[in-house]
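Could you build the full structure based on these sequences and the hints that come with them?
So the sequences go chain by chain: C, E and R.
Residue numbers for the first sequence follow my numbering, beginning at 1311 and rising by one.
Residue numbers for the second sequence follow my numbering, beginning at 52 and rising by one.
Residue numbers for the third sequence follow my numbering, beginning at 15 and rising by one.
Rather than coming from a laboratory, the hints here were simulated on the basis of the structure.
Incorrect hints may have been included.
Stated by the list, open to error - Computed list of lysine-lysine pairs in DSS-like fashion (alpha-carbon distance at most 25 Å, straight line):
#  : chain 1 : residue 1 : chain 2 : residue 2
1  : C       : K1653     : C       : K1781
2  : C       : K1790     : C       : K1758
3  : C       : K1702     : C       : K1775
4  : R       : K106      : C       : K1443
5  : C       : K1538     : C       : K1528
6  : C       : K1484     : C       : K1528
7  : C       : K1772     : C       : K1760
8  : C       : K1392     : R       : K24
9  : C       : K1699     : C       : K1781
10 : C       : K1528     : C       : K1392
11 : R       : K106      : C       : K1528
12 : R       : K106      : C       : K1392
Unchecked claim - In silico negatives: residues of chain C with every beta carbon more than 10 Å from chain E:
#  : residue
13 : V1319
14 : A1344
15 : S1348
16 : M1360
17 : E1470
18 : T1561
19 : S1635
20 : K1699
21 : S1714
22 : A1732
A virtual CB, placed ideally from N, CA and C, is assigned to each residue, including glycine.
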Amino acid sequence: MSDSVWETVIGLEVHVQLATESKIFSGSATAFGASPNSQASAVDLAMPGMLPVLNEKAVRYAAMFGLAIDAEIGKRSVFDRKNYFYPDLPKGYQISQFDHPIVGRGHVQIQLADGSSREIGVTRAHLEEDAGKSLHEDFHGMSGIDLNRAGTPLLEIVSEPEMRSAEEAVAYLKTIHSIVTYLGISDGNMAEGSMRCDVNISLRPHGTTEFGTRTEIKNVNSFRFVEKAIQIETERQMDILEDGGSVVQETRLYDADRNETRAMRSKEMANDYRYFPEPDLLPVEIDDSYIEALREALPELPDAKRERFESQYGLGSYDAGVLSSERDIADYFEAAAAGGDAKAAANWVQVEVLGALNKTDLAMSECPVPATELAALIERINDSSISGKIAKQVFEILWNEGGSVDGIIEARGFKQVSDSGALETMVEEVIAANPEQVQQYLAADEGKRKKLTGFFVGQIMKASKGQANPKLVNDILAAKLDASS
Amino acid sequence: MSLPTLAELSRRLGKGDVSSVDLTRDYLARIEAQDPALNSVITVIAEQALAEATAADARRAAGESGALLGIPLLHKDIFCTAGIRTSCGSKMLDNFVPPYDATAVARLKAAGAVTLGKTNCDEFAMGSSNENSFYGPACNPWNTERVPGGSSGGSAAAVAAGFAAGATGTDTGGSIRQPAALCGITGLKPTYGRVSRLGMVAFASSLDQGGPLAATAEDCALLLQAMAGFDPADSTSAEHEVDDYSARLEADLEGLKIGLPKEYFGDGLDAGIDTAVRAALAEYQALGAELVEISLPHTHLAVPAYYVIAPAEASTNLSRYDGVRYGYRCEDPQDLYDLYTRTREEAFGAEVKRRILVGTYALSAGYYDAYYRKAQQIRRLIQQDFLAAFDSVDLIMGPTTPHPAWVLGEKVNDPVAMYLEDIYTLSVNLAGLPGMSVPVGFVDELPVGLQLIGPHFSEARLLNAAHRYQQVTDWHTRRPAL
Amino acid sequence: MSVDQAEIEKIAQLARIRVAPTDIAELTERITGILDMVDQMQAVDTSGVEPLANPLNASQRLREDRVTESDRRAEFQAVAPVTESDLYLVPKVID
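So, in structure tokens, the structure goes:
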């Protein structure tokens, strides 16, 4: 049996860390990488008598996300306590939202590699606090607890079980990533844990409507791991089902080193979260004018931007999709396109810039070549100051050493030779030095002549170290060769 | 025996007849000499208190004034006090010294009050007799074989015994009013949200409220004035303006309509208490008030609803005591589960454990609707009863407790009987209303309290009504002989 | 509603409180007594009544997003049972 028999059903719970300065219920900093427990206040540590006060920005960011996915915003949302004991959870409960989340049902559009797109439903999104971190390095057989992360605001975005492949799940995750980074409500930094997801997977025979038993893979923290975890878990479940067994509903972990999933031991003991309204907080009420003001201030979102790139710059949908996938890339592209040649800018950004970023593992925000310099570079190609080939050299210098396009062209003498007198001399020298090829040229028919022209152009470019203006060279060469017959 | 009231001491300090250091020395000496018989104070900070008194005297010498400047107080050991052990009457926090003050304590300190120490209480404020304390029961100064009430039993006993000019307490189901009644002093539980809960260790978050215990309503007005007010660090703190409580004390009671809930005078009320309370009501009539019988039809449901809501909230409020960041930790935990279960078994007392288990049960899957949700619905009905009553009356009055102070140990093996002692006070917390208890007589040489209940934020009216009564009676001046 | 010992054991496990085997019978009896009293609520029809979670009809106040806390680790860890390298230590945590 094979894949074709089974349909994979996937739902994601994405935890997005909101980009606030302070924690969701306390005034401690949320900065990444501080020394252990230096950003854990009395509230975060659940010291006796401490109380939570809600951060306005967390509420605002959650509502912005809701508007971006066309969801109903909960005008009266309620925080609940989710009770369980764990050393990284100081209060013994997590403040979360259960019955009345701040964001209700919405949807996102995902783009697939074959050019098609699909709508995926978002069930809800709610605010909650993050837990701390257990460090497993051995302290005489003990674990160390760092509560710096405890109380960091999270938006948990729950999808409908509407994805059917690892590709769709990754596309969904990328779409969520692009929405939250566009909105500026999260830095989306997956390596630092700013975005993590729990994957719910089940299998069922194609054509059936009932869901199979699902497993939940906790805390997967990269696009690639999501893809691999889904693939490996799908295979595992398929093996079980095809052997006539049944899948156990459980929480699993993805082990990237071994590329396998395994059951979590800490989740073996039956849990009963005993949700109830958090009595230390009151219901959060948001009025229409607050929502309308947010809606008006909402930035252009990826879908709208992609469409605009197509219509405004005449880009194809693939190019527009790549260039609008991240706000930083889109902003860079638009700044480069402001030079006047959007199509060239689109090409340069996708091939040279993204290529180089990828190779050096840098983010768009860390790109060493400013978009204005890329625009200047394109302008120098278009005004024939340099050739495309030289332009790539200039780009490389800009990338590695910095500087300005014009400065580099000047300093390195890269300026194209467009002086027809100088070019004529060069052409005459090449013709004089290659009488044999001239004879062949004169004897050849139209078709062959073109090919032979290439030889002369190559010689001239070589002599000019690539700086001869190719168009002028062609014109002069044609005139001289024809005259020599 | 009669002792000066807080207000009287405040006047003497103002006139320079006495210094804060003198007062502090007197109180410290009295605590040292007499508290061994009562066990009402579990931490005395003599040196620090004298330093604070010296500072208060210096402030006064520099021209500052203020009703509480230099007044020695005791705090219930539920309020966090920076640098001073805050045990909550529990083995769990026997070694806990917070690096911060509760907002209520900080406000009293800012007003110049001197902290003498911390008072005994039921563990995490759970109890009606002060018998659930890791430090042993506090005793009633009127009869040391009897309970002082609880959970603020230590505060009430200490004030009655003259160990401080006043004390703080907390009231989740009657924990200020009931011990005030049983010890023959005045106690006020403010409107929910009136006094900040920050740093006041939580028992049941939606019911807890801090307030003053003192000899008189006038004293309580001075203390509440300092304690009350909006605190941005407590989300449930009310942004309601604070009245001038002392300014309205003398207002005339002519035409005041007092509602007497028939449910508060029925079966189960001690005959002696009934007599004393009715005599007090007659005084109110003499002061020009009008008595009206009313009904609070859901009163009988207050105890059941309370004993779901309070344990449910407590069960999760007390989850933080896990032996990891502060407080007790069991020896040699084998694994995490062992650390949690043994730490909590060894350091929580029997009543606290019972309530955590009842609360856990009430919130657990399958029972939530039948217990927690149902109790919250009944809570709404109880609040509606009061709101409807306040459409036609200004205040509600009745007994604070069904019985006077009982003998130590009498009810420890019968939690339900103990819970029923709070039958008249619990609904006030469920509805979030302000309530007071004032001494109105004795039965078998044990004090009796009259409960006054007002609409939300009517503390000034309550204090006014209590004060006018105390001007024409002298029950509040009676002090036990120790 | 009465509870049996097995249920009390389950609840005690959820609440992370060890109950000595010798205490379980008495504890079950006490808790049954409390639940019996509480069950008086079931006699009242509360359909359509909005639950009251908080006595004041107020809504949540929002705090400005500003860092107001500084590092007080030394003070906080001074009261901690076991710390090392600025971390709180607990028996090994197993995922």
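Now the hints, each set against the structure:
Taken as a hint, the K1653/C and K1781/C pair is honoured in the structure, with Cα atoms around 21 Å apart against an allowance of 25 Å. For the hint pairing K1790/C with K1758/C, the CA-to-CA distance comes to about 17 Å; that is within 25 Å, so the pair holds. Taken as a hint, the K1702/C and K1775/C pair is honoured in the structure, with Cα atoms around 15 Å apart against an allowance of 25 Å. Simply put, K106/R and K1443/C have alpha-carbon atoms about 13 Å apart, close enough for the 25 Å limit, and the pair holds.
Of the pairs offered as hints, the one joining K1538/C and K1528/C holds, with about 14 Å between alpha carbons and a cut-off of 25 Å not exceeded. At most 25 Å may separate the alpha-carbon atoms for a hinted pair to count; K1484/C and K1528/C meet this at roughly 18 Å. Pair hint K1772/C plus K1760/C holds up; C-alpha atoms about 19 Å apart against a cutoff of 25 Å. Distance hint between K1392/C and K24/R is fulfilled; the C-alpha atoms sit about 18 Å from each other, no more than 25 Å.
Of the pairs offered as hints, the one joining K1699/C and K1781/C holds, with about 14 Å between alpha carbons and a cut-off of 25 Å not exceeded. Proximity of K1528/C to K1392/C is assessed by CA-CA distance (about 17 Å); at most 25 Å being required, the pair is judged to hold. At roughly 20 Å between alpha-carbon atoms, K106/R and K1528/C fall within 25 Å of each other, so this suggested pair holds. Between K106/R and K1392/C the alpha-carbon distance is near 23 Å, which keeps this suggested pair within the 25 Å criterion.
With a cut of 10 Å on Cβ distances, V1319/C stays outside the contact zone with chain E, its closest approach being about 25 Å. Distance to chain E confirms A1344/C as a non-interface residue, since its nearest Cβ pair spans about 18 Å, more than 10 Å. Every CB of chain E lies more than 10 Å from the CB of S1348/C, the least distance being 15 Å, so the non-interface label holds. Remark: the non-interface label on M1360/C conflicts with the geometry, its nearest Cβ contact in chain E lying 7 Å away (cut-off 10 Å).
Distance to chain E confirms E1470/C as a non-interface residue, since its nearest Cβ pair spans about 24 Å, more than 10 Å. Non-interface call for T1561/C relative to chain E: holds, since the shortest CB-CB distance, roughly 17 Å, exceeds 10 Å. The beta carbon of S1635/C sits about 40 Å from the closest Cβ of chain E, which is more than 10 Å, so the claim that it is off the interface holds. Here K1699/C stays apart from chain E, with its beta-carbon at least about 65 Å from theirs, past the 10 Å limit.
For S1714/C, the requirement that its beta carbon stay farther than 10 Å from each beta carbon of chain E is met, with the minimum near 52 Å. Remark: the non-interface label on A1732/C is consistent with the geometry, its nearest Cβ contact in chain E lying 78 Å away (cut-off 10 Å).
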